[in-house]
Amino acid sequence: MIRAIDQQRLETPEEQAAGWLIRMQGPIIEAHVERQFELWISADERHAMAYADILATYDIAGEIAAEGPRKSGQTLAPWYGLGAAVAACLVLGLVVSRGLPAQSPVPQHTATLTTGPGETLDIPLPDGTRIALSGASAMRVSYTSGARHVDLTRGEAYFDVAHDEHRPFVVTVHKTEVRVLGTAFNIDLLSGDQSEVSVYRGRVRVAADGKKRDLTVGQKVMTGESGLTPVSFEAGEGPDWRSGWFDAEETSLTRLVDELNRYATRPIRLEGAALSHITISGRFKISDPERVIRSLKTGYGLRSSVRNNVLVLTK
Amino acid sequence: MTERQDQDWATLLAVVRRYVLNRLRQPDLADDIAQNTVLRIIEYQQDNIVVSLYALSFRIADNQIREYFRKLKPTDALDAADDFACAQPLPDRVAEDRAETQAVLAALASMPPLRRNVFMRRRLDGESCQDIGRALGLNVKAIEKHITRALLDLNAARRRWHMSDEAQVSDTIKEEVGEARR
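Chains as they are written, first to last, in this note's numbering: chain Z, -1 to 313; chain W, 7 to 188.
By construction, these hints were calculated from the structure, which means they are not laboratory data.
One should not assume that every hint holds.
As the list claims (entries may be wrong) - Capping the alpha-carbon separation at 25 angstroms, the derived lysine to any residue pairs in SDA-like fashion look like this:
#1 W:Lys147 to Z:Ala271
#2 W:Lys151 to Z:Ile58
#3 Z:Lys295 to Z:Pro265
#4 W:Lys151 to Z:Ala271
#5 W:Lys77 to Z:Lys313
#6 W:Lys147 to Z:Met22
#7 Z:Lys295 to Z:Gly236
#8 W:Lys147 to Z:Lys313
#9 W:Lys77 to Z:Lys295
#10 Z:Lys313 to Z:Ser250
A quick note: this is a predicted structure, and the numbers were derived from the prediction, not measured.
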């Protein structure tokens, strides 16, 4: 007689532990996975012991491999450096060591939030974190007991993150990951897979394309640009967009149009390569796109026409 | 949720201690960190919903281990931030266990290149299994298989080293006992 065989029974506790470790090290651990993990690890002491060993191995191997070349004069490059087109890994971090936060129970929380042009949304989350979502933006929020995760899929958002050392706050933007414990920052997702990260509270380290830059309050950096050169800005109370303004300083016209589209009920598009090279300076009331378009027309000699309900700007 | 029994806490304590001891090799310190971890967990789960006590315990213990390393060698606060942020290994791991370090390096060096590549991308670069799969043209299951194999290799290497280390220690004890008898 043939019986169905439970695949897990064929594996040793050590192999099962390795499998669980891979699932539990992901950037987001879904609640049902975590629940299954707890069932597995508390079912049998051998599971727990095997997991304690293999997790330690994983941690130790990472530490040793990271410092191995220095200690032994070897190089890791042939091991994994070649072709490792490291996905832009953008890292923000702030460590404040405190005790466990005294907070009210935090249940599983998921939400999908979108705003239309000109709309903004202030989102209070159960842990005290506040997210302000700009116009024409979209995000998914997913809280589990192990992590707080936000997927910014479109637009711009300002994050004021409540400190919780046991639940990292992770924002993913394209293939970029922003990870914090508690700080305030703004992410602006621009066209061409670029994004701008600005810091309003805390200190931050940004790493992208193998480069690292330290940012303090009042500094911002553009990912997807070579060098990651930090630029100073007036941090003040929070990003300008929250009051409907945009401060341009030698900023490309493309960028301004990106910002305008957060508010414009009719999409705005630039036409012609010459236009995208234009840089502008000044303070623009982007919550009033028509006013900005008028000043662009007078100040830069642009012309506008409407085609298929798209406002097209030409030289 | 049902009340957890003392027995459960005792098991959790033993498991956390084992994890810390694996990493620090200092029994007294492992006791302290494990006890501290479980106390904090007991307190925390009274006011918070915890899906996995084990997962949270390992994270808390890991934080305390990192804290300990940081105090040993003061580093820039941002380097410390990096540890949390990227789950990057500590740059200043105290390699008092040179033999263990050599054993792990040897195990890494003797892995098939693909297995090593996959493991390093996951562990050091923090790439997701999906991203590694895309970069190497493999499916996620295959990537997970490679990481599992790498973990088992490394675990075996550490176990071999640990056993030989214990053997040496017990030889030393025997010698000392022998000395005393003479």
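A quick look at each hint next to the structure:
About 45 angstroms separates the Cα atoms of Lys147 of chain W and Ala271 of chain Z, which puts this hinted pair outside 25 angstroms; it is violated. In summary, the hint linking Lys151 of chain W to Ile58 of chain Z is supported, as the alpha carbons are separated by about 20 angstroms, within the 25 angstroms threshold. Between Lys295 of chain Z and Pro265 of chain Z, the direct Cα distance comes to roughly 17 angstroms. Compliance with the 25 angstroms bound is thereby established for this hinted pair. At roughly 48 angstroms between alpha-carbon atoms, Lys151 of chain W and Ala271 of chain Z are farther apart than 25 angstroms, so this suggested pair is violated.
Annotation: proposed proximity of Lys77 of chain W to Lys313 of chain Z is violated, straight-line Cα distance about 61 angstroms (limit 25 angstroms). Proximity of Lys147 of chain W to Met22 of chain Z is assessed by CA-CA distance (about 15 angstroms); at most 25 angstroms being required, the pair is judged to hold. Only pairs whose Cα atoms come within 25 angstroms are accepted, and Lys295 of chain Z paired with Gly236 of chain Z is rejected, the gap being roughly 30 angstroms. Between Lys147 of chain W and Lys313 of chain Z the alpha-carbon distance is near 53 angstroms, which puts this suggested pair outside the 25 angstroms criterion.
Proximity of Lys77 of chain W to Lys295 of chain Z is assessed by CA-CA distance (about 60 angstroms); at most 25 angstroms being required, the pair is judged violated. At roughly 15 angstroms between alpha-carbon atoms, Lys313 of chain Z and Ser250 of chain Z fall within 25 angstroms of each other, so this suggested pair holds.
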